[in-house]
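Position chain B relative to chain A; hints supplied.
Chains as they are written, first to last, in my numbering: chain A, 1 to 244; chain B, 1001 to 1128.
Hints in this document: simulated from the structure, not taken from any laboratory. Just to be clear, a hint being listed does not mean it is correct.
[As the list claims (entries may be wrong)] Which chain B residues stay away from chain A? Per the calculated CB distances, all over 10 Å, these:
#, residue
1, 1024
2, 1104
3, 1108
[What the hints assert, rightly or not] Heads up, simulated DSS-like pairs for lysine-lysine below, C-alpha to C-alpha not over 30 Å straight-line:
#, chain 1, residue 1, chain 2, residue 2
4, B, 1056, A, 11
5, A, 14, A, 219
6, A, 219, A, 11
7, B, 1056, A, 219
8, B, 1056, A, 14
9, A, 219, A, 15
A virtual CB, placed ideally from N, CA and C, is assigned to each residue, including glycine.
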Amino acid sequence: MNATDRQLIEKSDKKWFDELVLELRLRQVHGSAIGDTLASARELLGDTGQSAEETFGPARDYAAQLELPAEPQHTWIRTALWPSLVSLLAFLLFTQAVTAWAQSEPLLVSPAQLALITTPVVLVAFLPLYLAAAIRRVWLLILLVLICALSGFFSGIVAPTNEADAWLAIDPLPWLIGSAVVMVALAIVNTVRSTRVGSADEITDPLAEAPTGTGWGSKLFAQVTNWLFPLFALGMLGLALLLG
Amino acid sequence: MNALPPDLPTPEHAEWPSDWLRATLGFLALRALSAGPSYGYAIIGDLEHNGFGTIKGGTLYPLLTRYEAAGLVATEWRAGDGGPGRKYFALTDHGRAELARLSADWQRFTVTSTAYLTPEPPSKETSA
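For reference, chain A alone in the conformation it holds in the complex:
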């Protein structure tokens, strides 16, 4: 095998291993079991010199055949999906309330606007039904993001400009404070959860004491992700105060 062949195999193997991790994650397999599977596969590939696809077949099929111990699906729905959904809802409420509050006006709501705002919430709520398909097909993921962005954009367009056109006219301050409190509280809960020792989300190398993905960069990334909605909300508040 020449150097070019070796490089091609390494490239295809990297893609195969990425797919395997993704497939095992979709099956809610524990991080330690994923680490063990990756190390076993690398061990055999090191012995045979073959490509991962040739030795183990397609990553998706191999992940299915392994039947590794996994968390039940309702666990991630309870610990990840519902907090994200509530955070998203709070963020959407915050973005609607912050402009009205900055301009010292009531928060005006129309039915069409409400329907458009709830579109992303409904899409996230039904995520367990199509998550695997969305992750495996990039076009579907782009379509979902596009629908969410467009619904946000059009909700701004159809927002009533005066109280006569509005379905509801409410004081924005309680909504602003309430949504901010919810976002911060959930970010704190997620931060505590993700820093807990022995989290099943960490992929652990069976031969190493420490998890493989606990570098400073990945820890920071995880924490920034937990605080994404409060950070965006803070940006929106700054922008509204500047423009108001």
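Coordinates of chain B only, in the frame set by chain A:
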């Protein structure tokens, strides 16, 4: 592990129907561990050396994972000498008992099949 018996096909020509291998690979893999703990590549090599052809990792590892979950084999990671670590599989007492049971069942099955497949000597009526 074992020397290749003379009546088995040579490994180069060992192309058994995949259904047969699917049915027997479980206890063949247990048999490959009966001499002591071993790792993936060595198990594949042992099966190949004994005339069963080259078993893919994508076939063997899911089987061993299921056996580990069922308590038939125990696993242990050992650091490699300058290379990556190795995952060793070892038969548990339960696995050893299961191997003995399946081996006995398989031998009874092959005796029955062979007896049934052996052509009967032509009877007097048909030869007449």
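**Prompt:** Hint by hint, which ones does the structure fall short of?
**Reply:** Hint 7 contradicted; others consistent.
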